[in-house]
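Undergrad: Sequence:
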Amino acid sequence: REMLRYLFIASFLLLNTLLFTACKDDYPYNDEEPPRSILAPSIYDYLTEEGNYKLFTQIADSVAIQGGYYSDVLKKTGSKTAFVANDEAFAAFFASNNTWGVNRFEDLTEAQRRMILFSSLIDDAYSLDMLSSMPGQGNSPAIPGEVMRKTSSMGLFDTIPFEKGDNLPKTNYWSNYHREKGIYLMKDNSIPTLAYFIQSFMDSKAITDDDFYRLTGKTRSQGDAFIFDIKITQPDLFCKNGYVNVLEEVLIPRDNMAEYIRKNPETQLFNSFLERFCAPYPDMTNTYAYIDLNPNFRGDTLYYKRFFIERSDPSLPEMTDPEGRPVLKLPFDPGQNNYSSPGQSMEANMAAMFVPTDAALEEYFERGDGRILKERYGTWENVPDNVLLDLIAHQMKPSFLLTLPSKFGNLEDKMGTNMGVDKDDVTHAEICSNGAVYVVDKVYAPTEYVAVSAPVSLSDETKIFQWAIDELEFNLYLLSMEEGNLFSFFVPVDNVFKGTFDASGKMTDGYVDPVVLTNSNKKEFWSFSYNETTANVQATVYDGDEESPTYGDSLRLITTTTQIQNRLLDLLDNHIIVGELEKGKYFYQTKGRATLKANVINLDADPNNTRLEVQGGANIENGNQMGNAIDTYFQANGNTYFTDQVLQPALKSVYQILQDTEEFEEFYNLCAAAKTYLAESSSGIVEYAGPVFIQENNATVVSFFNTYHYTVYIPTNAAIRKAISDGVIKTWEEIDAIIDPTQQGQEAQKLYEFIRYHFQDNSVYVTNKVSSYFETATLNPADRKFRKIRVVENNGELGLFAEKNPQFSVTNPNFAARSASVVKAGNLYNIMARDYRLEGTGSSMTIATSSFAVMHLIDNVLDYNKVN
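Per the working numbering, the sequence shown starts with residue 56, numbered consecutively.
What the hints contain is simulated information worked out from the structure, not anything from laboratory work. No experiment lies behind these values; they were computed from the predicted model shown. Built from N, CA and C at the ideal position, the CB exists for glycine as well. The reader is advised that the hints may include incorrect statements.
Here are the simulated lysine to any residue pairs, SDA-like style, with alpha carbons at most 20 Å apart [claimed, not checked]:
(1) K225 - Q323
(2) K805 - I779
(3) K242 - R269
(4) K553 - E516
(5) K577 - P604
(6) K652 - K824
(7) K130 - N153
(8) K553 - S609
(9) K497 - F420
(10) K638 - S609
(11) K273 - N153
What follows is a list of derived Cβ distance ranges for each label pair [what the hints assert, rightly or not]:
(12) K840 - S367: 51 to 61 Å
(13) T822 - T482: 52 to 62 Å
(14) T822 - E587: 42 to 52 Å
(15) G745 - S575: 22 to 32 Å
(16) N683 - E587: 57 to 67 Å
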């Protein structure tokens, strides 16, 4: 009889496979008895006849349903897929140290019996092959190897635990009232699922046997099938109302990830982190449905534990707490039984989490890289939710299939940086109903904890810069972990943004607003502060004009976000250096192309041994002493330096510095008098020369500067006069006296090109090692390329070689043959300048762009025509 039965089953399965066009079997006997020629029994009859499933059938006999017992369902037509354990497996379960603490059938509560029964059943009949197949679209056939989960037959009301005391999270959402009185709490209001590993799915998703072993601790062979980590010893036993699959062990419902973490004694600390982001929500729909089944429940309420997450459907309102208040949100809900990975169905994938043990978290906090947290907050309990969220989210992965052990080496964070996960980090793994939990003995620190921005976000003294980072979306930039891209990030502490006040309360020094200074030549100090009530940065403006009777007094309060953002954007851009500081190097270009002067006295892993001085261009202009690094943090993508000074970029323009410096007078006169000359030709009007300076929003700027950084070489007054007397150049007065417009224009063009040859692309400072060619602002009409100058540093001296200097192209030029040198006597070198370009009108005017320059006095003119 058995032989005939299995021959029939084999032939039926072959026919059934041909008929399948979807993941669900088109089971032919859902609504009617099979033909009399088919004598296969029902699932219940089969288990009874086999004789060694007494305990499973006894459970079915004891589970009451409306109108009888569940054994009646298993006897009738319909369609079920059953995963059953035989009596030997139950005996082993009772003899083991099982989680329920039961030793015999009689110890099982009604809820436990229901859980065993319904977690072993799937509504609808599936062979294993079709269990792992995705329904085809339209008339397309099913796609094998695409499915790993199905919803079990469990109902929401099969078990409604009553929770109180320490079983509830220790946050304000779970008030003392709930903890003392207790609540009826569903851990989720969706049905638990069954996760299974069938060969076609393993092959399709490249899940290796080693992956499976590391996930379950079980060894598998080709063709083996498992429900969670339980092997199916006899698959696809066909009955008239479905399929029976015999399991090696008793299957009891698996917790979702949140519940597994909550119950695991090794992950209690991480669980306390997670549970800051959940609350009990009343579920009135299910409450009323439960009352219909259990009238005695009237007057009580069912709650479900819900984690705060972003809505997957953007059309839905933002998730709030039970009182309707905004909440911080996790990447996904680890307690959602029917969680589905983004862009995939629930059946095709699930989630994964890397959960550090309590010991690993304590080691990280006390002695590891997390000590920055300990220094700031003292205990894990004091770490704010918004800071802790970064750590939690970093461990949560939306796709199980992308976090298989064989793919650990490819795991990246949101910035695309490798997380550094190693298989040996995993102490234990658990396949839960909605994902895999990897318990690890290591903390994978989020980029937010190890980047140069971390000390800012974790400090209570840097709220102004943190606000700017958030508002201006600098996070992604500062979180960059691109190899070889290290930052030096200078962060003024909040207190120094206030400025300097005298005993009478008048402001005497601080951040000078470059917009007002550039537009109206008035000096105003801004005192920045962080407003705790509005969570915004504001600025009080003080009169900085020493000739004014209100000097040092408060003028107005600025709360306009756009203005504050504009000034702080300028500061942020120019407090970041892409690169590391070096001892003996003093000038560094910022992200915004300004230059900072820094003196590295000592950098050491011990902050007490670190000494660093630093200045911005405006600090040098104002005669401020060099600021100091008062705290240093060595981070994964560079170093962060808290400073006791705002490093403001230069305030004076090239025009102002030339105009105000006596030794620059002759060169200034040449530049200031430059203009456009017109001459007629056979082809029309020809323009010669042009202005060196132009007016923009009341600011005088270099006409050919273009949001870049430059060097301006200014010959001494004597050198200019000698060039004029030697006939190297004519004065503008001499050119204006020429009668022939064409000749006049040509002479003007020569002088204009001579002037522009002293303006070089790229800022080059004395003391920075350099030996390179740079383009000037003079265009060679022969090849339409900009003429070059060669700059060579030699023992602290900066030498310049013009184009026709015989040493211009020599590999190791004779320094003595240079065309000119930077004059170091008199300190008229390394002068920082900035040409501001503004936009807007009136009080809403802001910094649009700017060009930076360094200016040096040189001992000779630069003549690209001169052969030394």
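Undergrad: With reference to the structure, classify each hint as holding or not holding.
TA: To see whether the hints hold, each was checked on the structure:
no.: 1; hint: K225 - Q323; verdict: 12 Å, holds
no.: 2; hint: K805 - I779; verdict: 13 Å, holds
no.: 3; hint: K242 - R269; verdict: 27 Å, violated
no.: 4; hint: K553 - E516; verdict: 13 Å, holds
no.: 5; hint: K577 - P604; verdict: 14 Å, holds
no.: 6; hint: K652 - K824; verdict: 15 Å, holds
no.: 7; hint: K130 - N153; verdict: 30 Å, violated
no.: 8; hint: K553 - S609; verdict: 13 Å, holds
no.: 9; hint: K497 - F420; verdict: 11 Å, holds
no.: 10; hint: K638 - S609; verdict: 42 Å, violated
no.: 11; hint: K273 - N153; verdict: 18 Å, holds
no.: 12; hint: K840 - S367: 51 to 61 Å; verdict: 57 Å, holds
no.: 13; hint: T822 - T482: 52 to 62 Å; verdict: 55 Å, holds
no.: 14; hint: T822 - E587: 42 to 52 Å; verdict: 44 Å, holds
no.: 15; hint: G745 - S575: 22 to 32 Å; verdict: 27 Å, holds
no.: 16; hint: N683 - E587: 57 to 67 Å; verdict: 27 Å, violated
Violated hints for the displayed structure, listed by number in ascending order: 3, 7, 10, 16.
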